[in-house]
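Model the placement of chain P on the given structure of chain X, informed by the hints.
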Amino acid sequence: MPASLLQLRNLSVRYFPRNGAPTLALDAANLSIVRGEIVGILGESGSGKTTLGQAVVTLLPTAAKYDGQVFFDGRDLMVATERELSKIRGRHISLVPQDPASALNPVMRIGTQIAEVLRAHEALDRKGRIQRIHELLAEVGLDDPERIGSSYPHQLSGGQRQRVVIAMAIACRPQLIIADEPVSKLDLPLQLQVLELMSGIARKHCMALLWITHDPATLLGFADRIGVMQAGQIVEQGPTEQIFRHPQHPYTQALVGLTQEFALSERPLVNAHHAN
Amino acid sequence: MACSLRVQGLSRQYQTRNGWRKSTTVQAACGVSFYIPAGKTLALIGSSGSGKSTVARCVVRLERPDSGEIWLGGVEISRLGARSLRPLRSRIQMIFQDPTTSMNPRMSASAIIEEPLLIQQRGTRNERRERAASLMVEVGLSADWLDRRINEFSGGQQQRIAIARALALSPKVLVLDEALSGLDLSTQVQIIQLLKNLQAAHSLTYLLISHDLGAVAHLTDLLAVMSAGRIVEQGPTKEIIVNPQQPQTQTLVAAAEHFKKAFARAQGASA
Chain X
1 MPASLLQLRN
11 LSVRYFPRNG
21 APTLALDAAN
31 LSIVRGEIVG
41 ILGESGSGKT
51 TLGQAVVTLL
61 PTAAKYDGQV
71 FFDGRDLMVA
81 TERELSKIRG
91 RHISLVPQDP
101 ASALNPVMRI
111 GTQIAEVLRA
121 HEALDRKGRI
131 QRIHELLAEV
141 GLDDPERIGS
151 SYPHQLSGGQ
161 RQRVVIAMAI
171 ACRPQLIIAD
181 EPVSKLDLPL
191 QLQVLELMSG
201 IARKHCMALL
211 WITHDPATLL
221 GFADRIGVMQ
231 AGQIVEQGPT
241 EQIFRHPQHP
251 YTQALVGLTQ
261 EFALSERPLV
271 NAHHAN
Chain P
1001 MACSLRVQGL
1011 SRQYQTRNGW
1021 RKSTTVQAAC
1031 GVSFYIPAGK
1041 TLALIGSSGS
1051 GKSTVARCVV
1061 RLERPDSGEI
1071 WLGGVEISRL
1081 GARSLRPLRS
1091 RIQMIFQDPT
1101 TSMNPRMSAS
1111 AIIEEPLLIQ
1121 QRGTRNERRE
1131 RAASLMVEVG
1141 LSADWLDRRI
1151 NEFSGGQQQR
1161 IAIARALALS
1171 PKVLVLDEAL
1181 SGLDLSTQVQ
1191 IIQLLKNLQA
1201 AHSLTYLLIS
1211 HDLGAVAHLT
1221 DLLAVMSAGR
1231 IVEQGPTKEI
1241 IVNPQQPQTQ
1251 TLVAAAEHFK
1261 KAFARAQGAS
1271 A
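Just so you know, the sequences run in chain order X and P. Residues 1 to 276, numbered by the numbering used here, are exactly what the first sequence covers, in order. Residues 1001 to 1271, numbered by the numbering used here, are exactly what the second sequence covers, in order.
The shape of chain X in the complex, shown without the other chains (with noise of 0.2 angstroms):
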């Protein structure tokens, strides 16, 4: 059985908010990834989704309280120092955000955010990092990367800045990308190009990728297993076509069946109960 490169050992994640109780938003999770695997991360607003994210890439909220461990590579990211943390981030753990817009500093040019970055963690001089950067562009299917790395972001489309993010997210070749609902402000067209860029990209490089998203459809022929969260847990998971085919968990059988209606379904909408 191949070493996991990220294992999440009942990992269970308080909030201490200054007014109010605390919350449990992640509850005791168990997860692993392998090199080079795709694993969805499929939950509603609410569902600790977006805390396990943070938590694997340990940029928690201090307002947070963590138990449990996140092996990568064999080490424990929750006792690390900050010092080691900032090697790891940006270098073997990287993240693609869901807002290229505002994850993009609108006032710095492409080609020298994604520099920056490159700065950071390689050592390379500045007709190297220049090449790297083109190269990027150029493998994330932007075309004239020496326009693009020119260019200020809002000068470019929603699609090429969600391009530029992902360039930058594998700029260093990490072995883990999280990405937190990178594609679900886009539309329907747009949402499969990057959803294919970056399967093509992570099985070229061989990175693993914690993809987080509340949409199941975007998963299928995507991710290869899927890890279904409800209220803090893990209630279900497994592999993508078993999940789909053979979903054990009443709420996993709501959610395909949900699937379903908005596939372009020719039966009527279900009359759904009120909100809570």
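No lab work stands behind these hints, which were simulated from the structure alone. Check the hints yourself; a few may be wrong.
[As the list claims (entries may be wrong)] Keeping only pairs whose Cα atoms sit at most 20 angstroms apart, straight-line, the calculated SDA-like set for lysine to any residue is:
#1 Lys1022/P to Leu156/X
#2 Lys1261/P to Leu156/X
#3 Lys1238/P to Gln260/X
Relative to the frame of chain X, chain P by itself:
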């Protein structure tokens, strides 16, 4: 009485600055025309940058179109000044994509819902409060929550409050600009059902702006596909989905079909 919406030849361009002294003109919408019969729904579909939000903003007169006509029932509103427009503003209201930016998260639900009534000077303080309470219930929330702040509600609940606010002045036409995107699937189902119920109860006319064909197909009778500022195809929803003519439409339908087929494959059925 229900109200139709007709847009004829709508055009709008923007000047963007491209460095010092240089600027380019972007034709965001060009010659857009469509008609929504009273009490019906039309969805404006297209990828980002196609101009759909520009059309929405012109229709509610958040912006003034450069040319073209907008007929709200029997009244043409594209050229009206602020004073003439004010009494008509109650007839058409907009619901935006992101409730955390379309509403002040620190305001209470009642303050948000009552605000349009306050601005249009409708009713006494008590009457406004009562109206806010009945609207909360109508959108499926409890009137007990009126004094909670917006940031204390979930995303789906916030969007319901945005709908309640839009209904405060008893409009006849609602424009929903990507109002469903970013919401969980189960929340989308609930909001879609709410919108259907409200349409039946109040004979509302809907203009839906969306990039998600799957969600919108459940709500809309008519579909218009936009690309690069122009409507490239329009007609009854079923016809367009079953037989898309234009390449842009085919791309959109194919993307939605892709997920449908992937789902069928995963379930073991033949595609």
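Comparing the hints with the structure gives:
{"no.": "1", "hint": "Lys1022/P to Leu156/X", "in the structure": "17 angstroms, holds"}
{"no.": "2", "hint": "Lys1261/P to Leu156/X", "in the structure": "32 angstroms, violated"}
{"no.": "3", "hint": "Lys1238/P to Gln260/X", "in the structure": "18 angstroms, holds"}
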